[in-house]
Amino acid sequence: MPTSKSEPGAGRAGVYDLAVIGAGPAGLAAADTAAALGLRVALLDAGSRPGGQYYRHPAPELGAARPEKLHHGWTAFARLRARLAASPLVDHLPGHHVWAAEAGVPGDERRPWRLHATRGPGAGDRATVLARAALLATGAYERHLPFPGWTLPGVVTAGGAQAMLKSSLVLPGRRIVVAGSGPLLLAAASSLVAAGAEVPAIVEATSYLGYARGLPVLTGNPGKLAEGTAHGARLLRHGVRLRRSSAVVEAHGTDRVTAVTVARLDARWKPVPGSERRIACDAVAIGHGLVPQIELAAELGAETVTGPDGAVALKVDARQRTSVPGLWAAGETCGVGGADLALAEGVLAARAVAGRPDGGREVAVRRRRRAFAALMAAAHAPGPDWTGWVTDDTDVCRCEEVPAREIRAAVAELGAGDARTVKLLTRAGMGWCQGRMCGPAVACLSGGGGAAGRPDSRPLSCPVPLAQLAEPVRSVEQPGPGPD
Amino acid sequence: MDPLDLVGAEPGPARTILFDGRPVPALPGQTLAAALWADGVLAWRTTRNGGRPRGAFCGIGQCFDCLATVNGRPNQRLCLLPAEPGDTVTTQEGHGHADLEV
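As they're listed, the protein sequences go chains A and B. Counting from 1, position 386 in the first sequence corresponds to residue 386 in full-length UniProt numbering; the numbering is continuous, with no gaps. Counting from 1, position 17 in the second sequence corresponds to residue 17 in full-length UniProt numbering; the numbering is continuous, with no gaps.
These are calculated hints, taken from the structure and not from any lab test. Where is the CB? At the ideal position from N, CA and C, for every residue including glycine. Just to be clear, a hint being listed does not mean it is correct.
[Stated by the list, open to error] The list that follows gives simulated cross-link-like pairs (lysine to aspartate or glutamate, EDC-like), each with its CA atoms no further than 20 Å apart:
id: 1; chain 1: A; residue 1: K270; chain 2: A; residue 2: D385
id: 2; chain 1: A; residue 1: K69; chain 2: B; residue 2: E10
id: 3; chain 1: A; residue 1: K69; chain 2: B; residue 2: D5
id: 4; chain 1: A; residue 1: K315; chain 2: A; residue 2: E362
id: 5; chain 1: A; residue 1: K224; chain 2: A; residue 2: E362
id: 6; chain 1: A; residue 1: K69; chain 2: B; residue 2: D2
id: 7; chain 1: A; residue 1: K315; chain 2: A; residue 2: E303
id: 8; chain 1: A; residue 1: K69; chain 2: A; residue 2: E227
id: 9; chain 1: A; residue 1: K315; chain 2: A; residue 2: D385
[As the list claims (entries may be wrong)] Between beta-carbon pairs, the in silico distance windows are:
id: 10; chain 1: B; residue 1: P25; chain 2: A; residue 2: G107; range: 56 to 64 Å
id: 11; chain 1: A; residue 1: G415; chain 2: B; residue 2: P23; range: 54 to 62 Å
id: 12; chain 1: B; residue 1: H95; chain 2: A; residue 2: D266; range: 41 to 49 Å
id: 13; chain 1: B; residue 1: N49; chain 2: A; residue 2: R268; range: 32 to 40 Å
id: 14; chain 1: B; residue 1: P23; chain 2: A; residue 2: W74; range: 48 to 56 Å
id: 15; chain 1: B; residue 1: D39; chain 2: A; residue 2: D392; range: 49 to 57 Å
id: 16; chain 1: A; residue 1: H252; chain 2: B; residue 2: N49; range: 40 to 48 Å
id: 17; chain 1: A; residue 1: D392; chain 2: B; residue 2: P23; range: 36 to 44 Å
id: 18; chain 1: A; residue 1: G447; chain 2: B; residue 2: D39; range: 39 to 47 Å
id: 19; chain 1: A; residue 1: G210; chain 2: B; residue 2: D39; range: 39 to 47 Å
id: 20; chain 1: B; residue 1: P85; chain 2: A; residue 2: G415; range: 52 to 60 Å
id: 21; chain 1: A; residue 1: S207; chain 2: B; residue 2: G21; range: 45 to 53 Å
id: 22; chain 1: A; residue 1: L215; chain 2: B; residue 2: P25; range: 26 to 34 Å
The task is simple: from the sequences and hints, build the whole structure.
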């Protein structure tokens, strides 16, 4: 991945053939495939190292001899990373957080895509990358459902616990309850116990019976079953107990979490009175599945689809094209489905951009994995009565400290009927995270269902220093001047 | 087993950062949030309204719960910042602008 300006072989023109946003499984596969087909590629990524969240790995300074111990499919990543490092056609641009995408006009050389990125806090830390086509591979972030005490230090996200473990080799505590819903819980718990944590329980809100309805889909995805079995075997070996149809309904502590209360749930996720049990712990890792990160495309008016769990994803055609001309998408941005699917879609998207026919293998993988993803999303969709464990005092919006009481009052007394009106009346979702943490919960409490409907409009997809916005675009990041 | 043993990590010597004036070791390559977790510290800011303690939540720069004052600059996300030798982290109270004259 040549990042040096003097790297020989880098393109000399100011316009790339393709800009890939995100260097996770989908983005890496896409950049690799596109370069193999002769395209000049800019691979922009917010992270300092390639891999995204799935292949997140220790900083080189930590000297990890066996990083694969915290991963599935590490060899696929190692191969992609090596190929990209050797490719003269891919410029990896780490630490580039794209905050806006200006659509280009396909076929018009004078009007390419313009991708604006921030690289740091300084006024000059901005970059604009020009490309004939753009591919969105920005992945997903976690969905969260609030409960009393979820703002206590020591309550962290399941993905966050994994991310901190994978990149910095640390744990939030020694005795960690893992709770929420979805397959990420098994993966997170499996990593945590491998790294020495005690996991007294995995608390899963669904019954897992939803999977029984999809036996043909399950047998068509033996790899997924094997992955689940591997996690299950490790968890069994460490004596980790899976509590199905249950939820953490309260976290206890004053300055940090010291215990949780777990209750059984009925089929609609309503806590069963009298079923509460207390479990001592010094950390909690929570998560209720993932939500596609699609702000850049949504801002361009790209069409979306709503999945069985209420999550909104980008609508793509058989060749990974979005409804915006010149904009492709791959992986979790098209609906959460895992790394194998992301790798296959990255290849398919890159081949489409290059004008080549599809590979049959990737098409088959996509069909099987998309079916599995739909089954998974339906099985773990939040039940309608989860709000039963949210007390009036529970902060729903963490940033603005808006308790459920205020949101309920906005609905019951002020007549708000959707998340946007609730936001304007209470400031829920108006803080630093811009509703990424509380959005689905506020929508439910507002009577608007899960995350259904159009995603919020965010002209800037991430915080950008004002000085950078004020700075006129003088220089466009070049693919490298070349040795002339 | 601990996380370092699991992956066979052999980091260079720990450097020292200061958290509210107290020295805390940080391994090269770790973020500031990670160094604090490794030292058993889970909270490094208090909220603007309730004065409640908060620390890292999402771990990937999305939630902004891990804000603190770093080397005098408020509202820095500790889960994204690599720990550099001599970094000074101060618990951030409220909006973090108490020291600014506005």
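Hint by hint, here is what the structure shows:
no.	hint	in the structure
1	K270/A - D385/A	holds, 5 Å
2	K69/A - E10/B	holds, 15 Å
3	K69/A - D5/B	holds, 10 Å
4	K315/A - E362/A	holds, 18 Å
5	K224/A - E362/A	holds, 16 Å
6	K69/A - D2/B	holds, 12 Å
7	K315/A - E303/A	holds, 6 Å
8	K69/A - E227/A	holds, 14 Å
9	K315/A - D385/A	violated, 29 Å
10	P25/B - G107/A: 56 to 64 Å	holds, 57 Å
11	G415/A - P23/B: 54 to 62 Å	holds, 55 Å
12	H95/B - D266/A: 41 to 49 Å	holds, 42 Å
13	N49/B - R268/A: 32 to 40 Å	holds, 33 Å
14	P23/B - W74/A: 48 to 56 Å	violated, 36 Å
15	D39/B - D392/A: 49 to 57 Å	violated, 36 Å
16	H252/A - N49/B: 40 to 48 Å	violated, 22 Å
17	D392/A - P23/B: 36 to 44 Å	holds, 43 Å
18	G447/A - D39/B: 39 to 47 Å	holds, 44 Å
19	G210/A - D39/B: 39 to 47 Å	holds, 42 Å
20	P85/B - G415/A: 52 to 60 Å	holds, 56 Å
21	S207/A - G21/B: 45 to 53 Å	holds, 51 Å
22	L215/A - P25/B: 26 to 34 Å	violated, 52 Å
Checked against the numbered hints listed earlier, the structure breaks hints 9, 14, 15, 16, 22; every other hint is satisfied.
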